[in-house]
Structures are given as structure tokens and as C-alpha cells.
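Trainee: Protein chains in written order, with the numbering used here: chain A, 1 to 282; chain B, 1 to 311.
Keep in mind that the hints are not guaranteed to be accurate.
To be verified - Derived EDC-like pairs (lysine to aspartate or glutamate); straight-line CA-CA distance at most 20 angstroms:
| # | chain 1 | residue 1 | chain 2 | residue 2 |
| --- | --- | --- | --- | --- |
| 1 | B | Lys-142 | B | Asp-172 |
| 2 | B | Lys-226 | B | Glu-211 |
| 3 | B | Lys-117 | B | Asp-147 |
| 4 | B | Lys-117 | A | Glu-273 |
| 5 | B | Lys-142 | B | Asp-173 |
| 6 | B | Lys-142 | A | Asp-55 |
To be verified - Sample of chain A residues facing chain B (criterion: CB under 10 angstroms; computed from the structure):
| # | residue |
| --- | --- |
| 7 | Val-22 |
| 8 | Val-57 |
| 9 | Ala-109 |
| 10 | Arg-112 |
| 11 | Val-135 |
| 12 | Gly-137 |
| 13 | Ile-158 |
| 14 | Ile-161 |
| 15 | Phe-262 |
Keep in mind the hints are simulated off the structure, nothing from the lab.
Here a beta-carbon is modelled for each residue, glycine too, at the ideal position from N, C-alpha and C.
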Amino acid sequence: MASATTPGSVEPAARIRRRGPVSWVRDNVVTIAGLAAIAYLLLPNVVVTVLSFNDPVGRFNFSWNRFSLDAWLNPCAVAGMCEALGLSLQLAVLSTLAALVLGTLVAFALSRHRFRGRSSTNLLVFFPMATPEVVMGSSLLALFVNMRFPLGFSAILIAHIMFLISYVVVTVKARLAGLDPRLEQAAMDLYANERTTFWRITFPLVLPGIAAAGLLAFALSFDDFIITNFNAGAEVTFPMFVWGAAQRGMPPQVNVIGALMFILALLVVFSSEVARRRRARR
Amino acid sequence: MSVLAHAPAPGVAGPPPEPAAARPRARWVPYVLLAPGLVWLSFFFILPTITLVSTSLQTGSLATGYAQTFEFGNYTSAWSEFYPQLIRSFLYAGAATVAALVIAYPLAYTIAFKAGKYRNVLLVLVVAPFYTSFLLRTLAWKTILADNGIIVETMERLGILQLLSVVGLTADDRVLATPLAVITGLTYNFLPFMTLPLYASLERLDPRLVEAAGDLYASPFTAFRKVTFPLSLPGVVAGTLLTFIPAAGDYINASLLGSLPSTAMIGNVIDALFLRVLDYPRAAALSVTLMVIIVVMVAAYVRRAGTEELV
Numbered sequence: 001m002a003s004a005t006t007p008g009s010v011e012p013a014a015r016i017r018r019r020g021p022v023s024w025v026r027d028n029v030v031t032i033a034g035l036a037a038i039a040y041l042l043l044p045n046v047v048v049t050v051l052s053f054n055d056p057v058g059r060f061n062f063s064w065n066r067f068s069l070d071a072w073l074n075p076c077a078v079a080g081m082c083e084a085l086g087l088s089l090q091l092a093v094l095s096t097l098a099a100l101v102l103g104t105l106v107a108f109a110l111s112r113h114r115f116r117g118r119s120s121t122n123l124l125v126f127f128p129m130a131t132p133e134v135v136m137g138s139s140l141l142a143l144f145v146n147m148r149f150p151l152g153f154s155a156i157l158i159a160h161i162m163f164l165i166s167y168v169v170v171t172v173k174a175r176l177a178g179l180d181p182r183l184e185q186a187a188m189d190l191y192a193n194e195r196t197t198f199w200r201i202t203f204p205l206v207l208p209g210i211a212a213a214g215l216l217a218f219a220l221s222f223d224d225f226i227i228t229n230f231n232a233g234a235e236v237t238f239p240m241f242v243w244g245a246a247q248r249g250m251p252p253q254v255n256v257i258g259a260l261m262f263i264l265a266l267l268v269v270f271s272s273e274v275a276r277r278r279r280a281r282r
Numbered sequence: 001m002s003v004l005a006h007a008p009a010p011g012v013a014g015p016p017p018e019p020a021a022a023r024p025r026a027r028w029v030p031y032v033l034l035a036p037g038l039v040w041l042s043f044f045f046i047l048p049t050i051t052l053v054s055t056s057l058q059t060g061s062l063a064t065g066y067a068q069t070f071e072f073g074n075y076t077s078a079w080s081e082f083y084p085q086l087i088r089s090f091l092y093a094g095a096a097t098v099a100a101l102v103i104a105y106p107l108a109y110t111i112a113f114k115a116g117k118y119r120n121v122l123l124v125l126v127v128a129p130f131y132t133s134f135l136l137r138t139l140a141w142k143t144i145l146a147d148n149g150i151i152v153e154t155m156e157r158l159g160i161l162q163l164l165s166v167v168g169l170t171a172d173d174r175v176l177a178t179p180l181a182v183i184t185g186l187t188y189n190f191l192p193f194m195t196l197p198l199y200a201s202l203e204r205l206d207p208r209l210v211e212a213a214g215d216l217y218a219s220p221f222t223a224f225r226k227v228t229f230p231l232s233l234p235g236v237v238a239g240t241l242l243t244f245i246p247a248a249g250d251y252i253n254a255s256l257l258g259s260l261p262s263t264a265m266i267g268n269v270i271d272a273l274f275l276r277v278l279d280y281p282r283a284a285a286l287s288v289t290l291m292v293i294i295v296v297m298v299a300a301y302v303r304r305a306g307t308e309e310l311v
């Protein structure tokens, strides 16, 4: 079975039979469609990045005029934008940390224990992901108003932690499901107690899952507009600033922030991937 | 636990038992782990939902105060006034869900089976767009679909635009401010939420099953239809649930890429009733309507597949 290492290798035989560009396309049609989908996903990010180097005509930055580094050199020249950015970063860090703790505990309970109320827990975790944001945002607003809880920073933080928990549970649980239970049994067989086994074996193995959940949660919180908009009171987060700018006029500085966050995220992920591969090769 | 405990017990074969089964632990452990997260979700997800239902059955106004009158008329009056937006939401969301499935399936398949060592890179590229604000990315479609841009000009030259405008998806040689632009934006925005569950279920699939189908003289297409696709169904359904309802409640794409009020969706109505008109009962009634549809869809899924594959 040569295909144990390359899954889905039904094609090689076919590739030998037919040659030429047409048959190459036919053999790789799925991969081509997959890469086209990636291009569809990334195209808007490319547009945002390109337009950050634009010197727009008028108030809106939708069509290319000429190259300019102005926005990159003076990113905070737009009133209120960098304050909004700071607020969003602060919210994203705090809500991600809280959701990671709460969600990881739930993920451990769901994948390591049998208990009554398991299905209801699964449902309760799934529902916030499937509910439209406008419903969650408005129902939280109704709750806060009814309880006379002030809108603003803490209200947004509460809302973000709430919708991030589910994404953390799903991501960490997927990592736990792929974990070989025999590794933990081996540690126990070597006289490690439960606590040592957890901190020396289980936790390091789950950590990449927690990191992935953290990256996703950070992005979702930083990017959230609808739920935040309902509960923000007088606060303005970065997405809310963009929404306002979309009505009043879009300075290219907004695109600089969008491009910068995207490039930074890619750098962080790829440098950690390179480091991981280098370690694996040693 | 001693080394001996690992020796196979008589009559026990197959994979090692789950640690939970092997080591009986205190019954309260899972509940302690669950408590903080579930308390949070109960307070800030379930309780608000109950408040929402109760608000939807109130009468009154912001000036005079609201009273719990169990006024079901809020629902009938909201439905009869806003049914065009409700229907439009489900049509747009349905079209976007089908499009997302068609685009995401090859993508998830490529990542799971063809990417090899680039698997992680591709997975990162699926999530990475999130780091640029989705409002900015949605606005970028205004540039991409601009009236004199490459895409619209090409569509016009190929006659696609004329064809689509006969169906009513576009109008007057433009894509922007038409239903097609809204559906394109919805498809784009929810594509990762379709791709990730699909990938999760395809990744779990044993490639030897597909090989076995080939060995039994199934053509690649038959093998896909009879083996791969049925085994990926949990991912298809989970992706559909995570795309359809959130897309039906979205109002950003309809406001930024469409033209209000002709492309207004139910999310636009709920947002306006809540934040501008301050008609809380009817806004809540429409939110509850969306909520009930989710519950029905999820219940149908759970009856067939259980809850284990949901999360």
C-alpha cells in the first residue's frame, strides 16, 4: 500500500496514462478549485493592503489613484482611530484570556468525562455559534437595560467572553480528541501521579490547541462589530470606527491598520511554524 | 497504577479504554470543570434569550414603560409588516450557503488530502483574513465589484451580467447595490465557518476506505458519491448550520454592498427597530422568530446525528 503516506492517491496511475495540460487540469481539478477558494478568501485582504498605499481622491478610498506612503508614516493622523484601536486590542486580550480558561475547562470535561447533562452541554456550547449576532447583541442589550447594568467596557467584555467560549471549546476539544490516551497511560505506568501526568504530558500536548484557540478568539473579538455595537454605549472600538468611517469618508489609515494586523498575524504564525519544523528536524 | 495494570485483561481486546473508564474518578470532577463556563453562558446567553422572549410579549413604549401582557400580536404584526425582508433573508442566506458549500468543499478536501506538509499553512490562510476587520474586507468588495472594474467588465463582455439581470440578481450593468453583491459578500464572510467543520470531518475520514472503493472498481466519482461524501455529512450539516442562520441574520453585507431598502434583510429591520425606532417588543419578536428557526434546524440535526459531532 504505497498510499499510506499520501492519502487520496487514487490519481497517480491516471496521471501516468494521460499527459498534457488538459489532462493535468482534469487530474488536479479539486486542488485547483481549492486554491481558487483560497484566492477568493484572500482577495479582499490584498485589496485592503494595496489601498493602504493609495493617495485617494475625495473622502473615500475605493479606487486607485497614486502610490503614497503617507498613511503608513502617519497612521494615527486620523482623530480617534488609534484610541479605538487601543480599546479593541485591550478588549481582545482580556476576553481571549478569560475565554481560554473557561473554554478549556469545558473542553476537558466534555472529552475526558462521561456525565449526566452531556448532550445539553454540547447544545449549550453550539448555540452561541449558530445564533445570528444581531439576536445575541439585542438580547444582551435587553438584559443589561433591564438590570440597569451600564453599557460600555465591561458590557462589551462580558459579551465577547460569552461568544468566544464556544469557539475555544470546539478548537481545544478537537485537539484533545486527536490525543493518544496511551501516552498518558504510559506516564502513569512509569509511576507519574495524576498531577505530574497532566502537567508533563497532557498539558504540553494540548497547548498547540489552546494556542490555536487563542489566535482564533483574539481575531473574533478584535473583529466583532454587531454585538459590540449593541452594548458599547459611548465607547468606540476599531470596527465601530470603521463603520463610522464607511459613512463619513474612509482615510487610508484605516487600511493601514487592517493590513498591519493581517501581516503581523501571518508573521507570528509562520515564524512559529518555521521554528517548529527546525526543532522537529534536529 | 502499576505496570501490571496495563497487561490486557482476559477477554478484553481492541483499543485501550478511555482513561475516564480506566480510572474511576470522583463524580463531581466534570461538574467543577464545567461550572465556570456554563455559569457564564447561562447568565449571558440563556438569561438574555429568556429576557428577549419576555420582551417580545410586552406592550407599551419607551415613554410609558413596558408591561408583560403576553401580546402575541407583536409577532403577527411584525410578520405581516416585514415578511418581504424575512423571505429575502432566507433566499439570500440559502443562496450564500449553497455557494459556500460548493466553494468550501474542494477547499476542505484539498487541505485534508492534497496539501501534505502545507496543510497547516492552508489552514492558517483560511483563518488569517479574520485579522483584517471584516467591515474593511466587506468594503473591499466595493472595489473588486466596481462598475468599471475587471470583473464586472468581463462579466458584461461574456454576457453573464445580462443573463443574471434577467433572473433579477443584478440590474443596469452593475453588480454593486444588487442582490448578487449581497450574496457574494455573505458567501465570502461565512466561508471559513463552512470550511472548518467540513475539514474536521474530512480529516477524520480514513483514506483507505476510498482506496477500497477504488479497488472494488468504483470510479473516482462513484467513490466520492458513495464513500467520501456520506462520511463527510456531519461536517456538511454543521457547516450549513453555522452559515445559514448567521447569514440570514446579517445586515452588514446588505447595508454596505446592497442598496437599502431594496436589499434590506431581517437583520437590518431588527437593528433599526432596536436602535433607532426603539420598538423593542416587535424587534424582539423578529429575533425570537430567527431563534426558533435555529432551534428547529438544530433539533432536526440532533435527532439524526446526536450532539457529539456538533462541537
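Trainee: Is the shortest C-beta separation between Ile-158 of chain A and chain B less than 10 angstroms?
Mentor: Status holds, d = 6 angstroms.
Trainee: Are Ile-161 of chain A and chain B close enough, Cβ to Cβ, to be under 10 angstroms, as the hint says?
Mentor: The hint holds - Ile-161 of chain A has a Cβ within 10 angstroms of chain B, the shortest such distance being about 6 angstroms.
Trainee: Within a Cα-Cα threshold of 20 angstroms, do Lys-142 of chain B and Asp-173 of chain B meet the stated pairing?
Mentor: The hint holds at about 15 angstroms.
Trainee: Holds or violated: the hint that Val-135 of chain A contacts chain B, with Cβ atoms closer than 10 angstroms.
Mentor: Cβ of Val-135 of chain A sits 4 angstroms from chain B, so the hint holds.
Trainee: Does Ala-109 of chain A meet its interface restraint, that is, does its C-beta lie within less than 10 angstroms of any C-beta in chain B?
Mentor: holds (4 angstroms)
Trainee: Need the status of pair Lys-117 of chain B, Asp-147 of chain B: alpha-carbon distance at most 20 angstroms?
Mentor: With Cα atoms ~41 angstroms apart, Lys-117 of chain B and Asp-147 of chain B exceed 20 angstroms; violated.
Trainee: Using Cβ atoms only, decide whether Val-22 of chain A comes closer than 10 angstroms to chain B, and label the hint accordingly.
Mentor: violated (17 angstroms)
Trainee: Please verify that hint: Val-57 of chain A, Cβ, nearest Cβ of chain B, below 10 angstroms or not.
Mentor: violated (14 angstroms)
Trainee: Does Gly-137 of chain A pass the interface check with chain B, least Cβ-Cβ distance below 10 angstroms?
Mentor: Holds - the Cβ of Gly-137 of chain A comes within 10 angstroms of chain B, reaching about 8 angstroms at its closest.
Trainee: Compare the distance between the alpha carbons of Lys-117 of chain B and Glu-273 of chain A with 20 angstroms, and conclude whether the hinted pair is satisfied.
Mentor: Holds. Lys-117 of chain B to Glu-273 of chain A sits at ~11 angstroms (cutoff 20 angstroms).
Trainee: Given the hinted pair Lys-142 of chain B and Asp-55 of chain A, is their alpha-carbon gap at most 20 angstroms?
Mentor: holds (17 angstroms)
Trainee: So, Arg-112 of chain A near chain B? Judge it on the closest CB pair being under 10 angstroms.
Mentor: holds (6 angstroms)
The earlier numbered hints that this structure contradicts are 3, 7 and 8.
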